[in-house]
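What follows is each chain in one-letter form.
Protein chains: 2
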Amino acid sequence: MLFFTQCFGAVLDLIHLRFQHYKAKRVFSAAGQLVCVVNPTHSLKYAPSRCAAAQESSEQGIPPPCHHHEAVHDPQLVPCTCPLFSCPWEGHLEVVVSHLRQTHRINILQGAEIVFLATDMHLPAPTDWIIMHSCLGHQFLLVLRKQEKYEGHPQFFATMMLIGTPTQADNFTYRLELNRNQRRLKWEATPRSILECVDSVISDGDCLVLNTSLAQLFSDNGSLAIGIAITTSKVHSSEAEM
Amino acid sequence: MLFFTQCFGAVLDLIHLRFQHYKAKRVFSAAGQLVCVVNPTHSLKYAPSRCAAAQESSEQGIPPPCHHHEAVHDPQLVPCTCPLFSCPWEGHLEVVVSHLRQTHRINILQGAEIVFLATDMHLPAPTDWIIMHSCLGHQFLLVLRKQEKYEGHPQFFATMMLIGTPTQADNFTYRLELNRNQRRLKWEATPRSILECVDSVISDGDCLVLNTSLAQLFSDNGSLAIGIAITTSKVHSSEAEM
Chain A
0 MLFFTQCFGA VLDLIHLRFQ HYKAKRVFSA AGQLVCVVNP THSLKYAPSR
50 CAAAQESSEQ GIPPPCHHHE AVHDPQLVPC TCPLFSCPWE GHLEVVVSHL
100 RQTHRINILQ GAEIVFLATD MHLPAPTDWI IMHSCLGHQF LLVLRKQEKY
150 EGHPQFFATM MLIGTPTQAD NFTYRLELNR NQRRLKWEAT PRSILECVDS
200 VISDGDCLVL NTSLAQLFSD NGSLAIGIAI TTSKVHSSEA EM
Chain B
0 MLFFTQCFGA VLDLIHLRFQ HYKAKRVFSA AGQLVCVVNP THSLKYAPSR
50 CAAAQESSEQ GIPPPCHHHE AVHDPQLVPC TCPLFSCPWE GHLEVVVSHL
100 RQTHRINILQ GAEIVFLATD MHLPAPTDWI IMHSCLGHQF LLVLRKQEKY
150 EGHPQFFATM MLIGTPTQAD NFTYRLELNR NQRRLKWEAT PRSILECVDS
200 VISDGDCLVL NTSLAQLFSD NGSLAIGIAI TTSKVHSSEA EM
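Chains A and B, in that order, give the protein sequences.
Residues in the first sequence are numbered consecutively from 0, following numbering that gives the first Met the number 0.
Residues in the second sequence are numbered consecutively from 0, following numbering that gives the first Met the number 0.
Among these hints, one or two may not hold up.
[As the list claims (entries may be wrong)] The calculated lysine-lysine pairs, modelled on BS3-like cross-linking and capped at a C-alpha distance of 30 Å, are:
| no. | chain 1 | residue 1 | chain 2 | residue 2 |
| --- | --- | --- | --- | --- |
| 1 | B | K148 | B | K185 |
| 2 | A | K185 | B | K185 |
| 3 | A | K148 | A | K185 |
| 4 | A | K185 | B | K148 |
| 5 | A | K148 | B | K148 |
| 6 | B | K185 | A | K148 |
[Stated by the list, open to error] If you anchor each label on the Cβ, the simulated ranges turn out as follows:
| no. | chain 1 | residue 1 | chain 2 | residue 2 | range |
| --- | --- | --- | --- | --- | --- |
| 7 | B | E150 | A | Q215 | 18 to 26 Å |
| 8 | A | A111 | B | S97 | 48 to 56 Å |
| 9 | B | N38 | A | G90 | 51 to 59 Å |
[Said to hold, decoys possible] Just some of the chain B residues that point at chain A, by a computed CB distance under 8 Å:
| no. | residue |
| --- | --- |
| 10 | H152 |
| 11 | Q181 |
| 12 | R182 |
| 13 | L184 |
| 14 | K185 |
| 15 | W186 |
| 16 | A188 |
| 17 | T189 |
| 18 | D203 |
| 19 | G204 |
| 20 | D205 |
| 21 | V208 |
| 22 | S212 |
| 23 | L213 |
| 24 | L216 |
These aren't lab readings, by the way, just hints derived from the structure by calculation.
On a predicted model such as this, the values are computed, not experimentally measured, just so you know.
No residue lacks a Cβ here, since even glycine has one placed at the ideal position from N, Cα and C.
Start from the sequences, fold in the hints, and give me the full structure.
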């Protein structure tokens with residue numbers, strides 16, 4: 000009887016380990032199968048943009064119009080969060096996705112793990128590659144930006160924003176992964192909420208940052224493939240404990 | 000009988016999976032237990048250094064003295080590879096480690112996974128944090144450098160060099176990992192051979208690059224912990240297949 004109990008225990012252990020092994024493999028597997036080709040857009044809002052205006056006004060002691068609570072008259076409304084254009088639109092958070100799709104023609108992709116293939120990396124800064132990513136019941140905005148922080152030295156910045164509140168964003172972890180030429184670079188972080196400025200996340204450098212030479216090493220024929228995976232923060236914290 | 004065979008099979012499967020799970024955990028576990036505190040050294044060789052001289056002379060059409068095959072009269076001898084000082088020493092590759100330890104007082108650490116804890120990150124550029132790492136029967140040199148590529152904007156560059164030939168270096172993969180404040184950054188690459196210039200690897204940016212704000216996010220009380228793991232390239236290629 001004891002033998003049968005031990006066998007049963009071993010089988011349970013086996014099932015548990017098989018599940019854990021599968022999970023570990025899934026979390027760290029090379030980027031998923033779904034490849035999305037993303038064409039660049041020369042950003043049109045680098046004149047006095049919403050966020051530049053926000054920074055200027057905050058320097059002058061005027062509350063920045065960038066932050067949700069202060070930006071709009073009705074606290075239920077949020078301004079358009081498209082990083083490409085200065086857009087006067089404002090609406091409820093629930094309709095930001097449809098506004099971005101319909102007005103700004105930003106594509107949306109489904110799946111926990113996708114590959115974001117940014118083309119024409121050679122184009123001069125400022126250039127943006129943008130896509131929405133639907134996953135785990137939420138929508139995320141992935142922004143890759145080529146920008147010259149130091150004149151003559153363009154860099155690439157990649158970040159992911161949740162189209163939701165900061166509290167909702169805290170429940171997720173996103174991972175961006177580059178893998179080519181015997182080099183691998185992974186960035187994992189909690190997504191920011193779309194209610195914060197994409198521009199300020201990028202200017203703070205709190206995102207994946209690539210200089211031109213690294214971007215070239217990771218590029219293939221002028222295109223950069225970024226593997227994207229989103230998990231709930233529970234997985235992230237269990238990894239941290241490993 | 001069939002039942003016992005199945006039980007035995009299940010137990011074997013269990014052992015195999017437990018081993019695989021352990022392996023996966025080891026490869027991706029948070030940085031190891033051995034923490035080495037590394038104090039900064041203000042680099043003294045930023046005047047006309049070996050590599051700067053090499054670059055100048057190569058611009059003038061003179062073969063660079065930096066590369067092993069051309070640098071020394073006896074092809075069996077290599078110049079001193081210490082990134083900190085311009086040193087006239089040259090000797091056989093086998094005695095580079097003892098030269099670095101004895102003359103330049105660079106510490107050596109044992110273990111496949113170690114934590115490199117660089118102190119006083121606030122010190123002005125140029126500053127280097129250097130250690131040797133003994134692992135898998137070879138010695139590696141880890142260099143963290145704070146340098147101003149763009150005036151007024153110091154950046155941190157971290158790379159690992161094998162104290163061996165380029166052919167030997169191709170057999171290994173090193174990983175540098177930063178993990179703090181809900182952010183994780185991993186860089187994996189093949190180490191360069193110490194016969195190449197550390198300076199040129201860093202000036203090419205083919206290494207882990209951190210801007211000041213990211214370095215601050217990953218630092219704790221002015222110290223930056225970098226988890227280091229070295230594996231043979233077989234592990235790297237099997238991961239890539241995953």
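Evaluation of the provided hints:
1. B:K148 with B:K185: Roughly 22 Å separates the two Cα atoms, so the pair holds.
2. A:K185 with B:K185: 5 Å, holds
3. A:K148 with A:K185: Roughly 22 Å between the alpha carbons, so the hint for A:K148 and A:K185 holds.
4. A:K185 with B:K148: Given pair A:K185, B:K148 holds - Cα atoms ~23 Å apart, limit 30 Å.
5. A:K148 with B:K148: Between A:K148 and B:K148 the Cα gap is close to 13 Å, so the pair holds against 30 Å.
6. B:K185 with A:K148: Judged against 30 Å, a Cα distance of about 23 Å means the pair holds.
7. B:E150 with A:Q215: 18 to 26 Å: 24 Å, holds
8. A:A111 with B:S97: 48 to 56 Å: Since A:A111 and B:S97 have Cβ atoms about 51 Å apart, the given range 48 to 56 Å holds.
9. B:N38 with A:G90: 51 to 59 Å: For A:G90 against B:N38, whose Cβ atoms are near 55 Å apart, the range 51 to 59 Å holds.
10. H152: 6 Å, holds
11. Q181: 5 Å, holds
12. R182: With a closest approach of 5 Å, the B:R182 hint holds.
13. L184: 6 Å, holds
14. K185: 4 Å, holds
15. W186: 6 Å, holds
16. A188: Holds, because the Cβ-Cβ distance from B:A188 to chain A comes to roughly 5 Å (cut-off 8 Å).
17. T189: With a closest approach of 5 Å, the B:T189 hint holds.
18. D203: Constraint on B:D203 satisfied, holds at 6 Å.
19. G204: Since the shortest Cβ distance to chain A is 5 Å, the answer is holds.
20. D205: 7 Å, holds
21. V208: 6 Å, holds
22. S212: Holds: closest Cβ of chain A sits about 5 Å from B:S212, inside 8 Å.
23. L213: 6 Å, holds
24. L216: 7 Å, holds
Violated hints for the displayed structure: none, as all numbered hints are satisfied.
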